[in-house]
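Given chain X, work out where chains Y and B should sit, using these hints.
Going down the list, the protein sequences come from chains X, Y and B.
Just so we're aligned, residue 0 is where the first sequence starts under numbering that gives the first Met the number 0, counting upward by one.
Just so we're aligned, residue 0 is where the second sequence starts under numbering that gives the first Met the number 0, counting upward by one.
Just so we're aligned, residue 0 is where the third sequence starts under numbering that gives the first Met the number 0, counting upward by one.
Hints in this document: simulated from the structure, not taken from any laboratory.
Do not take every clue at face value.
DSS-like mimics (lysine-lysine), calculated; alpha carbons at most 27 Å apart, straight line [as the list claims (entries may be wrong)]: (1) 2/Y - 128/X; (2) 403/X - 180/X; (3) 73/X - 252/X; (4) 103/X - 128/X; (5) 625/X - 118/Y; (6) 67/X - 2/Y; (7) 424/X - 411/X; (8) 73/X - 128/X; (9) 417/X - 309/X.
Now for the letters of each chain:
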Amino acid sequence: MTTPREFKYVGTRPIRHDGVDKVTGRASYGADVVWPGMLHGFVLRSPHAHARIVSIDTRAAEATPGVKAVLTGKDLPETTATIALGEAAIDLRDVGDNMLARTKVLYHGHAVAAVAATTIDIAREAAEKIQVVYEVLEPVTGIDRAIAADAPILHPALRTKGAASPGAAGPTNIASRLEFKRGDVDAAFAEADVVVEREFRTPMVHQGYIEPHACIARCGEDGRAVVWCTTQGPFVVRDACAAIAGLDPAHVKVIPSEIGGGFGGKIVVYLEPMAIALSRKAQRPVKMVMGRDEVFRATGPTSGSRVRVKLGAKRDGTLVAATASLWYEAGAYRGSPVGAGAMCALAAYKIPSFFIEAHDVVVNKPKVAAYRAPGSPIAAFAVESVVDEIARELKMDPIELRLKNANAEGDKAPYGPKYGPIGLKQILEAARNHPHWTSPLAANQGRGIAVGFWFNAGMNSSATVILDTDGSAAVVTGNPDIGGTRAAQAIMVAEELGIPVERVRPGVGDTDGSGYTDLTGGSRVCYATGMAVIRAAEDVRDQLKARAAQIWNVAVDAVGWENGRAIPPAGTEKAEAMTVAGLAAKMAHTGGPIVGRASLYAPMAGPAFGAHICDLEVDSETGQSKVVRYTVFQDVGRAVHPGYVEGQMQGGAAQGIGWALNEEYIYDADGVMENAGFLDYRMPVASDLPMIDTVIIEVPNPLHPYGVRGVGEVPIVPPLAAVANAMRDATGIRFTELPLSPPRVLEAIEAASAVSVGA
Amino acid sequence: MTKLHIETTINGEPREFLCDSHETLLSALRNGLGLTGTKEGCATGDCGACSILLDGRLVPACLVLAPEAQGRAVTTIEGLSSGDALHPLQQKFLEHAALQCGVCTPGFIVAAKALLDAKPNPSEDETRYWLAGNLCRCTGYDKIIRAVLDAASEMKESAI
Amino acid sequence: MATVHLPSGLTQYTGGVETIDIDAARVPELIAALGHRFPQIAEQLGEMAVAIDGEIYQDPGYQLLRADSDVHLVPRIAGG
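So here's chain X without its partners, still in its complex pose (with noise of 0.2 Å):
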């Protein structure tokens, strides 16, 4: 167990050391540098959303005055490599053939070649000069076309992994399927006072990070590359560069940039094994930089769904039975985030019997890719929405349903093993004890609650702490900074050498300056690589005290550590406390530098969840609605830098908020997506938001010397259902298809009113 301490430096909201160079501009992003002699590279894209690609034709391009390189996929090795990361890992093959098609094309802006020239313009201009014959296919834009008997096939090749349904064989879109299940269902459900089936539907919405994709890369004789870009994994992208672009990853080093947001979308490489392949062939360095629609059509979002959730409830609201079908969208290859979806629909809840099956399905969109929570608010939508319809019908209040079935240390997780000490109760307890909730509300004025889960991951950290010999240290981790982890890195050390925040330097390292270090993502900065960091100033400090011991001609253990500051044993002759600074002035007097590091893998262990209370107005004769007022309450183990904990728990509800009200992919028939702009592609803005309150639960994670549980991800889990079921506080309707937006909510409006007029 985690003893109780005290903190002098966690929990304290020190200024950011790499603030000051983002408030001015100064800080370097994907797109911002230039290097000597660099070329402009831009990609061709398909313009069907579904395609064999009959006959590609380069030459006018090529022969264009200041075209450098031009490459189609033919120009890059088809590799078997795996990324070991995540639901059935990174398939390097998939990821190639993404970035850069070879035979087909499988949705609208999939790449078929990309041109290097001394200016953006020819790049473009030449571009447009390539010949591409296509053999037009009947595009699949979504689940249900997907999977009937006579859907077009996107990878003949493709069969069903998992638990396949009976009688299924041959060529699918169905790219895997898996079920979970507890006791006898149908007996359960026998039992059940109170049952509610809905089936519901979101589309595919985008991280939407301000920073859009950009990388610059050189590629020498000898084979050896470069790559500046923004990424969420630099090692990630050593080694998917390596793979696809056909190099040893030992001749790839990759700089990452700042990175301008990422939630998941910047794991996965677009640009930058292309730009080190074009670098190859001119050799010179090249620059890539994605334009908005670009990122749209071509990165990932996430998936497009369709759930159907059943539950059984006795008439004192204990559940007694569950059954889940989730279909999830995969996009143009396999690996839609439906599994976690599956693990995280009843992960609050203790229900004895219940059945889950989860669908992962290709369609001609874009491949998905992880997005914050990867999974779980689709899921969490559907089936907080049908206990919120459960909690009406047993006229119970919400928070007492959820309290009564709430999950606690012990109780089994529907995905199998047993949670250790969790938070749901506490935050629950929060919720229903906060003025929000018993607050009261306006008219045309609804409010509505919604819990959600995720798994926090942990895998492989490093971190290096390096002592100056005036006291101060630096710490450099493999991991991106993209909100704010360099602070809590430099507390981590601060409180560990009892320094001041403010003399602790921390710094990203590149892919030979670093360890390794999995990415930035799955809420595991803190927790995993700062568990790392933690490890090595503790390796700082037991060097500090083996110093101290020299100086004193004492042993080794006998030497305490109190303050910052080496402890001499009581009765040491002429010996005083010495300070950090004072140890490290005398380093090269006593064995020569100090550097302490840490490398480790840590499990996935601290689960968290997370309610939110969401206040919603709605004007019935506009549809038009406004969140206007929401709290955030979440479990996060330890707050190191409460500032950025808060800000995590406040974007992860305004972006779930987004998908709940107004983002989606639009479609037309050809399998084209009519809204790849920010015009049209509504994301939350100012005006549409009021201050997001946060309230912080600390239940320690045993795991991490702290506590740290991670906080980025879970704040996106529970708004779409809190604000669905605010809708239909508010208006009666309970709507099961995102978003909320105003035509929607208004054609719903006004079908209710006419039934109860002609009624």
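Same frame as chain X, now just chains Y and B:
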């Protein structure tokens, strides 16, 4: 293609540059003049990451042609701090943790400066509507709005 | 003997067996023993995460097992 020669004032300094007739001011700032604090998020005037002041007026640099800067005064994020002192807005963004990834931050600070120039004491609602042309995907805007309101009140106090 | 719980989706290949006790000191030996016992699922076992006494390892490597460890095979999870 013959380049155009443009004479302009950027952050108080006379500058000249060459550009194509169809080049955006955003491109000229970032690529020609090395002022990469102004970011490109969409190139269609929807995200506000390239917010600058043109003769004191808030505009997205992606919707201004570079030749339009001829004889005008351009203010970018690089022109906000003076000497070694941050602008109060920059300081308040840091104190309130009003940035996460930070890529929208320069645009927000320039847009907020335009707000406070026009209206030194804005309400929360006025601030939210003024900044509605700037997208932030990380923060949910809460801390940004607080930072701007706090900067406004501090600037008002120091003006007295 | 570690108690291993198989995911319900795989039980159609294990003759309905959902839980099995296996004597193994480490995860690789446990996976090998399972694959030997149920050849039809051997290939899929290597692609799964392993929960040992409540802690999920995306890549379980050579994790040690206790004599009474509770082991669940679960799908791998992506993070954003």
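Note to self: Of the numbered hints stated earlier in the document, which are not met by this structure?
What the structure shows: Of the numbered hints given earlier, the structure breaks none, since each of them holds.
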